[in-house]
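Chemist: For reference, the chains in residue letters:
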Amino acid sequence: MVAGLFRLLLSEPRFWEALYVSNQALILGYAFSVVVGISLGLIAGRFHWMDRLLNPYVGVLLAMPVAPLIPIVIIALGLGLAARVFIVVLFAFVFITVNTRAGVRGVEPSLIEMAKSFGASEGQIWRRIVLPGAMPAIFAGMRIGLGRSITGMVMVELLLVASGLGRLLLEFSGRMQSDLVFATVLAVIIEALVLLTAMQAIERRIAGWAPDISIG
Amino acid sequence: MIRVRGLSKEFATSDNGGGGVLALSNIDFEVRDNEFITVIGPSGCGKTTLLRIIAGLIPYDQGEVTIYGRPVTGPGPERAMVFQNFALMPWADIMTNVSFGLEIRGTPKEQSRATAKELIKLVGLEGFEQRLPKELSGGMQQRVGLARALAVNPQILLMDEPFGSVDEQTRRLLQEVLLSLWERERKTVVFITHSMDEAVMLGDRVMLMTPRPGRVKEMIDIPLNRPRLREVEKSSTFLEVKEYLWENLKAMQLE
Amino acid sequence: MKQETAAHPAFKSRGAPRFNFSLGLRRSARENGLEILALLGGAAIWEALGWGLGLQWLPPFSRVMETLWQFVRSGAILANLGSSLWGLVVGFGLSLAFGLVLGALMGRYRSIERALDIYVHALFVCPSIVFAPIFFAIFGLSDAARIAIIVVYSTFVIVINTTAAIRTVDPSLVEMARSFGCREHQIFTRILLPASLPLVFAGIRLGMGRAVKGMINGEMLIAFVGLGALAQRYGAQFDATKVFAIAMVVLIIGLVSNWLVQMLDQRFTSWAN
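Chains as they are written, first to last, in my numbering: chain A, 654 to 869; chain B, 48 to 302; chain C, 151 to 423.
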């Protein structure tokens with residue numbers, strides 16, 4: 654029965670178009686989140702004063718639901734791709750920052766001391782000890798950030814029903830095609846699980862040597 | 048050779064506002080070329096701090112520390128350190144870990160790897176080059192640490208309770224590995240330990256330190272022949288020196 | 151006084167790693183002071199930009215606070231606030247019930263864990279919001295839908311933490327209890343329960359945060375009542391000031407609820423440092 658449902662959905666050409674449009678916001682938003690998130694995380698990890706400065710805001714952003722701010726973003730940026738991408742970034746980047754920072758801070762101090770004892774320069778310490786040591790946490794952050802980006806994308810789709818899967822869902826429910834509604838939601842769930850599982854596999858390859866201390 | 052004169056080091060305590068903790072006070076001693084010095088003393092006597100100062104990892108407040116006449120201002124190519132908790136990079140294989148010091152100091156990769164390979168063989172870990180640290184026992188991990196330090200061909204080896212994290216059997220084995228390596232090429236060694244057996248077994252002289260603040264109480268000669276074999280542990284000289292150490296350490300504990 | 155020796159660049163030391171991201175943790179007064187200063191600084195910048203740039207979507211901080219105060223005084227948002235909080239309480243309550251029981255069972259009995267583990271993890275990893283359309287389809291525009299979303303948001307983190315909490319109880323304690331002849335349920339109440347409390351509370355705190363997010367996310371999508379609905383309405387009216395004010399209310403709910411859980415946590419687990 655589920656298979657039949659899917660065949661129905663996948664044959665609908667609007668589905669693929671909607672999937673493409675929705676994922677644009679996801680891919681661009683996630684990419685920006687990763688860049689912003691890792692940069693801020695590295696800076697916070699390296700510079701104490703920056704870390705102290707950012708800390709309260711990070712705490713607020715972690716705890717606070719982003720959703721109420723969505724109308725503000727709409728007022729500022731309208732209903733187009735920019736707004737959707739920005740919302741996805743808002744949902745995701747803090748989690749990447751927090752995990753990156755934890756990764757940098759969590760590098761075993763005796764390893765840094767060991768490198769210094771061989772006369773390593775600051776650059777060498779970063780390239781050979783801190784960054785490799787922080788990789789597991791950074792990837793954990795990227796995995797969590799991906800989950801958050803998907804949440805952002807879904808929120809965007811369902812609130813800004815101008816295009817993409819959200820609009821499709823609206824049409825289906827408008828036309829009382831509840832089976833297609835279910836199928837579409839299922840498709841989103843499957844996409845989420847596939848992406849996240851893939852991410853976890855990558856993470857395990859890169860960071861097989863480390864225990865899990867991820868945040869979020 | 049290493050010369051330390053009138054060395055003092057104070058640590059500021061952050062919440063205290065007022066004074067700090069005097070870790071080392073007026074330390075005076077010399078280590079001759081190719082000499083193996085062991086350092087022993089109760090907790091708080093500053094032996095780890097002293098080693099780090101000689102390694103050039105932390106600054107000192109007063110006095111002078113010179114190596115071959117040149118004052119210590121940072122780490123240098125003539126010194127290499129071995130750490131108590133091994134300090135191996137968990138994400139890198141043994142080969143990469145051993146070549147680390149060489150690569151940092153600018154040796155081209157090819158050459159580093161070749162030297163590393165020799166040393167891995169020397170410490171008895173041939174065949175383990177591609178393994179990760181977590182796949183090795185504690186004793187094997189410390190042999191990696193040793194190989195890494197020896198790879199950069201230092202004249203001075205600084206060892207911070209290197210066998211403190213392993214069980215007794217492994218510790219005795221590592222002592223023998225270290226001694227046999229040292230007999231091949233006699234480097235200058237400063238070796239910190241908590242174990243009296245180890246201090247007497249390995250050293251040409253033992254530096255006895257007292258705590259709060261850290262001071263050198265005495266430099267004790269160890270009149271035992273080289274190369275040191277296990278049987279030496281039963282000799283009367285060994286037991287006498289060990290007893291002497293124990294009397295002193297016991298007195299410090301009871302203070 | 152300490153003499154400064156000429157500092158070689160190699161002597162620059164890195165501070166000891168120290169990480170806390172929760173605003174509520176106890177720290178030195180100086181650290182707290184610095185962070186409050188950072189927040190005040192941010193508010194000042196917000197204020198300046200608000201007046202200076204005159205953007206429709208960025209009202210000055212003071213105006214937002216003023217609106218918030220208006221809300222409080224006039225009780226304008228009271229009905230919606232009440233509706234939201236009621237949903238939160240019921241939803242979180244259900245999550246606690248499901249989460250703690252399921253987590254305890256999975257923690258204690260390996261067979262149950264093996265059977266359910268994969269589902270729990272899949273649901274935990276999956277962004278919970280995707281279930282919103284499903285609940286909407288099943289329950290329609292109702293409280294049940296909102297509450298169901300909160301339950302999905304919050305339950306699984308509680309399950310996972312509770313399972314871990316029970317698993318990591320020192321097995322020698324259990325062995326000790328058995329050696330004195332303790333029976334199954336006694337072991338549970340006298341050893342497992344108290345010993346696992348700290349980690350269980352960690353899960354409850356996380357669950358609380360998730361529940362608040364579920365509350366607001368759900369409301370924005372589904373409800374015609376509640377703070378989420380208000381935010382949507384004000385947004386449609388292009389009234390950024392009121393939307394920010396609602397966001398502040400949500401933030402306060404989050405902080406207060408987190409603080410409440412922390413108080414309980416400290417009351418019951420002070421023995422675990």
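Do not take every clue at face value.
Quick list of the computed label-pair ranges, beta carbon to beta carbon [claimed, not checked]:
{"no.": "1", "chain 1": "B", "residue 1": "Glu173", "chain 2": "C", "residue 2": "Arg317", "range": "38 to 46 Å"}
{"no.": "2", "chain 1": "A", "residue 1": "Trp702", "chain 2": "C", "residue 2": "Pro321", "range": "51 to 59 Å"}
{"no.": "3", "chain 1": "C", "residue 1": "Met326", "chain 2": "B", "residue 2": "Glu125", "range": "38 to 46 Å"}
{"no.": "4", "chain 1": "A", "residue 1": "Leu730", "chain 2": "C", "residue 2": "Ala188", "range": "22 to 30 Å"}
{"no.": "5", "chain 1": "A", "residue 1": "Gln777", "chain 2": "B", "residue 2": "Gln109", "range": "49 to 57 Å"}
{"no.": "6", "chain 1": "B", "residue 1": "Thr113", "chain 2": "C", "residue 2": "Leu189", "range": "35 to 43 Å"}
{"no.": "7", "chain 1": "C", "residue 1": "Arg317", "chain 2": "B", "residue 2": "Asp75", "range": "37 to 45 Å"}
{"no.": "8", "chain 1": "A", "residue 1": "Pro762", "chain 2": "B", "residue 2": "Gln216", "range": "28 to 36 Å"}
{"no.": "9", "chain 1": "B", "residue 1": "Ser184", "chain 2": "A", "residue 2": "Leu661", "range": "54 to 62 Å"}
Just so you know, the hints here were simulated from the structure itself, not pulled from any lab data.
Glycine included, C-beta positions come from ideal geometry on N, C-alpha and C.
Chemist: Hint by hint, say whether it matches the structure.
Modeler: Hint by hint, here is what the structure shows:
1. B:Glu173 with C:Arg317: 38 to 46 Å: 41 Å, holds
2. A:Trp702 with C:Pro321: 51 to 59 Å: 45 Å, violated
3. C:Met326 with B:Glu125: 38 to 46 Å: This hint is violated: roughly 55 Å between Cβ atoms.
4. A:Leu730 with C:Ala188: 22 to 30 Å: 27 Å, holds
5. A:Gln777 with B:Gln109: 49 to 57 Å: Once the Cβ atoms are compared, 31 Å apart, the range 49 to 57 Å for glutamine 109 (chain B) and glutamine 777 (chain A) is violated.
6. B:Thr113 with C:Leu189: 35 to 43 Å: Once the Cβ atoms are compared, 51 Å apart, the range 35 to 43 Å for leucine 189 (chain C) and threonine 113 (chain B) is violated.
7. C:Arg317 with B:Asp75: 37 to 45 Å: Given range 37 to 45 Å: violated, Cβ gap about 56 Å.
8. A:Pro762 with B:Gln216: 28 to 36 Å: 30 Å, holds
9. B:Ser184 with A:Leu661: 54 to 62 Å: 60 Å, holds
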